[in-house]
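Kindly generate the complete structure, drawing on both the sequences and the hints.
For the record, the sequence lines run as chains E and U.
For the first sequence, position 142 matches number 142 in the working numbering, and the numbering has no gaps at all.
For the second sequence, position 188 matches number 188 in the working numbering, and the numbering has no gaps at all.
Just so you know, not all the hints are guaranteed correct.
Here are the computed lysine-lysine pairs in the DSBU-like style, where the Cα-Cα straight-line distance is at most 30 Å [stated by the list, open to error]:
id	chain 1	residue 1	chain 2	residue 2
1	E	LYS20	U	LYS20
2	U	LYS20	U	LYS31
3	E	LYS20	U	LYS31
To be clear about the criterion: a stretch of chain U counts as covered by chain E if any three or more of its residues have a C-beta under 8 Å from a C-beta of chain E, and this derived list gives those stretches [to be verified]:
id	stretch
4	13 to 27
5	33 to 46
6	85 to 96
No lab work stands behind these hints: they were computed from the structure.
Yeah, the Cβ is synthetic: ideal placement off N, Cα and C, and Gly gets one too.
What follows is each chain in one-letter form.
Protein chains: 2
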Amino acid sequence: MSAIDTLATELARLPGIGRKTALRLTYHLLKQPAEQVQRLASALSVLRERVHPCQVCFNLTEEAECAICRDPRRDLTLICAVEEAADISAIERAGEYRGRYHVLGGRISPLDGVGPGQLTVRELERRVAAGGVTEVIVATNPSVEGEATALYIQQSLAPHHVRVSRIARGLPLGGDLEFADGGTIAQALFARREMT
Amino acid sequence: MSAIDTLATELARLPGIGRKTALRLTYHLLKQPAEQVQRLASALSVLRERVHPCQVCFNLTEEAECAICRDPRRDLTLICAVEEAADISAIERAGEYRGRYHVLGGRISPLDGVGPGQLTVRELERRVAAGGVTEVIVATNPSVEGEATALYIQQSLAPHHVRVSRIARGLPLGGDLEFADGGTIAQALFARREMT
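See below:
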């Protein structure tokens with residue numbers, strides 16, 4: 001296989017990149033300075049060597065503990081449980097949350113063969129049992145699997161006398177009622193708050 | 001900068017890949033087998049080392065001459081002039097053309113500072129002057145610059161008593177050959193007209 005085909009084949013394995021886009025990217029790279037292509041190659045090479053899960057919260061990090069767990073200004077009484085490390089970036093971008101995180105490593109999904117044992121719920125329990133945590137916010141996705149995972153976490157933490165909360169579901173900011181699906185509208189109505 | 005940020009930054013330099021997509025791809029790669037990520041990295045590394053222009057037609061190749069120029073079954077009397085090497089893949093996918101190619105290396109675009117001197121029109125003239133070629137099909141894109149380039153090629157080849165034809169405007173005006181479907185490209189080749 002030619003060097004062009006080899007790269008296009010590897011690029012086409014990425015999500016959202018089809019054969020045509022992979023070829024277009026390859027031809028684009030052929031027109032870029034060789035150093036830029038080399039920087040991309042070495043960034044890929046070091047990625048898997050350096051990055052591993054944080055030993056506290058399973059966020060991705062290059063240290064023993066991630067930057068958030070090491071930050072003394074973060075609120076130690078709050079843990080936000082998310083499905084994937086990528087979800088942490090999304091929440092951090094919002095800039096509202098000051099507690100710490102716990103990456104579950106997925107969600108319970110019997111169809112995909114993912115049971116509670118494959119997630120880091122046991123480790124979350126251990127963190128709560130160690131004391132100092134007053135609330136666990138379950139921020140799994142608002143899907144069937146995300147809800148099932150949230151319920152499992154709530155039950156697992158029940159003996160630990162910690163508040164377990166679930167992120168609100170409703171219309172997205174800037175969303176349009178006209179185009180929202182029925183489930184979202186039902187949730188938005190159910191979770192309505194009194195205006196004071 | 002962390003390994004994750006470094007890779008995301010390099011990926012975001014690619015066309016059509018924004019910061020969010022770059023991060024999503026990075027997190028995706030962190031979940032893939034390390035060998036797959038390494039294969040992508042090495043495919044990138046060898047790309048610029050191995051691939052260079054064909055010494056006959058300027059198509060991209062890993063040999064002295066590209067696979068099309070070396071293929072004895074190709075029709076030596078026909079040359080199809082294209083802007084970029086990527087356009088050759090698009091025409092080959094259509095499976096209708098059996099001649100050889102000539103990669104111009106762009107199109108005449110005074111606004112971008114690209115004049116005829118930066119293109120390989122002189123080399124195309126030399127190929128035609130060497131004899132054996134009866135027709136040059138100009139398959140530059142149907143844009144203002146592509147048309148100007150076609151006209152320049154026609155004038156440059158006028159002294160050489162060779163038929164110069166232009167692919168039909170089956171392609172939507174302002175479209176890009178690289179992204180056209182095979183049927184449209186086949187139609188455009190079939191309905192080519194002699195330039196007078």
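Consistency of the hints with the structure:
no.	hint	verdict
1	E:LYS20 - U:LYS20	21 Å, holds
2	U:LYS20 - U:LYS31	17 Å, holds
3	E:LYS20 - U:LYS31	24 Å, holds
4	13 to 27	holds (count 10)
5	33 to 46	holds (count 12)
6	85 to 96	holds (count 3)
The structure fails none of the hints (numbered hints given earlier).
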